[in-house]
Amino acid sequence: MSQYKINVTKLNLWYKDFQALKDINLSIKSNLITAIIGPSGCGKSTLLRTFNRMNDLIEGVRIKGEVLIDGENILDSKIDLLSLRKKVGMVFQRPNPFALSIFENIAFSLRIQGIKDKKKIETFVEKSLKSVFLWDELKDKLKSSALSLSLEQKQRLCIARTLVTMPEVILMDEPCSSLDPLATLKIEELLQYLKKDYTIVIVTHNMQQASRVSDETGFMLLGELIEFGPTKEIFTNPKDKRTEDYISGRFG
Amino acid sequence: MSKIKEFIIEKIIFLCGIITIVFIILIFLFLLKEGLSLFKSVRIFEFIFGKNWYPISEPPQFGILPLILGSLLVTLGAGIISIPVGIGCAIFIAEVAPRWLKDILKAFIELLAAIPSVVLGFIGMVTLVPFVKNFFGLPTGLTAFTGSIMLAFMAMPTMVSIAEDALYAVPYTYKEAAYALGASRWQTIYRVIIPGAFSGILAAIMLGIGRVVGETMAVMMLTGNSARIPQSFFDPVRTLTATIANEMGEAVVGSQHYFALFSIGIVLFIISFFVNITADIFMHHKK
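If you read the protein sequences in the order shown, they are chains A and B.
Residues 1 to 252 in this note's numbering are what the first sequence lists, from first letter to last.
Residues 253 to 539 in this note's numbering are what the second sequence lists, from first letter to last.
Hints listed in this document are in silico derivations from the structure and should not be mistaken for laboratory results.
All values derive from a computational prediction rather than experimental measurement.
Incorrect hints may have been included.
Said to hold, decoys possible - Below are the DSSO-like pairs computed for lysine-lysine, each with C-alpha atoms no more than 30 angstroms apart in a straight line:
#, chain 1, residue 1, chain 2, residue 2
1, B, K358, A, K16
2, B, K427, A, K87
3, B, K427, A, K118
4, A, K186, B, K427
5, A, K196, A, K130
6, B, K427, A, K22
7, B, K358, A, K120
8, B, K427, A, K116
9, B, K358, A, K130
10, B, K427, A, K78
11, B, K427, A, K143
12, A, K143, A, K127
13, A, K29, A, K10
14, A, K119, B, K427
15, A, K186, A, K196
16, A, K116, A, K10
17, B, K292, A, K195
18, B, K285, A, K127
19, B, K358, A, K64
20, A, K186, A, K120
21, A, K141, B, K358
Here chain A stands alone, though its shape is the one from the complex (with noise of 0.2 angstroms):
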């Protein structure tokens, strides 16, 4: 496996006339978590969701460049994208598991991919808990709702349905802008655990987070890449005027 699990190159994406990224290079490597800063509206979570795709969602949306992943071009029309959001799984802002039972939660994930051995699904989802260290607070309430759950479970519960897909790279879209700090602290935890077997993208516009938790920063402003570079640096020794101005308070 080669050190860099995402390699962008010149990429371009507008909405309608609105041009949201412009000329992007960037390389991901593995295992590594890797932060995107910025203002709000600055494209970074645009950036985000073309790793998986989810760009697609949106009318009047074009794209130009390349986004490699493992070396094969995710942007291609002909790519797979069912199995492409399967390898690249995504957590989202606002927790969003489904009016399901938390056990109904994770088994989706499995049934969506034709999974329908009974005693396979409870492995994975015991496993899956496991990992997101939410099995022994729910180990005996599967049954009931997931929208019973606090914010902070919910987002465990996300992850963990994540997880469950066997993803190779978890992006993470502002993962606990609507968790209290308490909270924030042990999804962030969790993700130095989860770095080890995935690469992590995540996004956030919390500065003291990216520097808490990741190993490599980009910095972008008006949807261009400011500065990238390991988060030591940027945070202690940024080259770019901006980028200063921003990690220092002066905007944003």
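Please arrange chain B on chain A, whose structure you already have, making use of the hints.
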């Protein structure tokens, strides 16, 4: 001055609100008064479960079981046809169709709702009735089945538009989550969107059925009006509604026959009341 104006407007609006309730209560009271008069001379049990409807024989027999079964059979048939087609259509409009096709379909379904039932009945009479007769080799094309097909058309607009609203009400985040997990469009629809919209879909079905139960003109024209207990879908039947419409003109005011028709009205009222209540429960059902 403006205070008086305010006062008057307020009272007028209050009156408008009250008036509908008063009307409904009056209608209901009238229905009860006329309908219950029958039971001075005929026992309720004989009325509901009696197998013979001979209102003008001597002595008359007022058993509405054949009429109830006729209504049930036609409604059941209409349900079997309209539920899968109507719900399928709603899913297609809400989730699958491209925008331009969506708009066309919705316009046509609204148009379908605008066709008067007598026109549908008439069209059914000249096209569907001979077709059913020849295709199934029946002595007559005026059957429960024929009525069911036409009624299914009538139930569809209500069903489609309410089911469609229910499908739209499923949060976009569910859909997004399902797609992000690699679910196909069909998997997303039947594992996430339909369960999410389930109570609304049931409400849509009930309201569509409610429309079928109360429909009169088209069934009268298409089902053959034979007040016998039907043996199959391909028998002529007579529904509760068609009986009232057919015989109201010839029943002598104040006669037993006249009261019996109002009693049928009460039965119909009770049926549609329960159908609507069920729809309402589903509609406001919270998980």
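How the hints compare with the structure:
1. With a C-alpha separation of about 27 angstroms, the suggested pairing of K358/B with K16/A holds against the 30 angstroms cut-off.
2. About 18 angstroms separates the Cα atoms of K427/B and K87/A, which keeps this hinted pair within 30 angstroms; it holds.
3. At roughly 25 angstroms between alpha-carbon atoms, K427/B and K118/A fall within 30 angstroms of each other, so this suggested pair holds.
4. For the suggested pair K186/A and K427/B, the alpha carbons sit about 27 angstroms apart, so the restraint of at most 30 angstroms is met.
5. Taking the CA atoms of K196/A and K130/A, the gap is near 16 angstroms; set against the 30 angstroms cutoff, the hint holds.
6. At roughly 29 angstroms between alpha-carbon atoms, K427/B and K22/A fall within 30 angstroms of each other, so this suggested pair holds.
7. Straight-line distance between C-alpha atoms of K358/B and K120/A comes to about 44 angstroms, which puts the hinted pair past the 30 angstroms bound.
8. For the hint pairing K427/B with K116/A, the CA-to-CA distance comes to about 22 angstroms; that is within 30 angstroms, so the pair holds.
9. A threshold of 30 angstroms between alpha carbons decides the hint, and for K358/B with K130/A the separation of about 48 angstroms lies outside it, so the pair is violated.
10. For the hint linking K427/B to K78/A, the alpha-carbon distance of about 23 angstroms falls within 30 angstroms, and the restraint holds.
11. Distance check on the hinted pair: K427/B and K143/A sit about 22 angstroms apart at the alpha-carbon level, within 30 angstroms; holds.
12. Of the supplied pair hints, the one linking K143/A and K127/A holds, its CA atoms being roughly 17 angstroms apart against a limit of 30 angstroms.
13. Between the alpha carbons of K29/A and K10/A the distance comes to roughly 18 angstroms, so the proposed pair stays at or under 30 angstroms and holds.
14. A C-alpha spacing of about 27 angstroms is found between K119/A and K427/B, which places the hinted pair at or below 30 angstroms, so the restraint holds.
15. Only pairs whose Cα atoms come within 30 angstroms are accepted, and K186/A paired with K196/A is accepted, the gap being roughly 17 angstroms.
16. Our distance criterion of 30 angstroms between C-alpha atoms is broken by K116/A and K10/A, whose separation comes to about 43 angstroms.
17. A hinted pair counts as satisfied when its Cα atoms are at most 30 angstroms apart, and K292/B with K195/A does not qualify at roughly 83 angstroms.
18. Between K285/B and K127/A, the direct Cα distance comes to roughly 68 angstroms. Violation of the 30 angstroms bound is thereby established for this hinted pair.
19. As the CA atoms of K358/B and K64/A are separated by approximately 36 angstroms, the hinted pair breaks the 30 angstroms bound.
20. A distance of roughly 29 angstroms separates the Cα atoms of K186/A and K120/A; the hinted pair therefore holds under the 30 angstroms criterion.
21. Simply put, K141/A and K358/B have alpha-carbon atoms about 43 angstroms apart, too far for the 30 angstroms limit, and the pair is violated.
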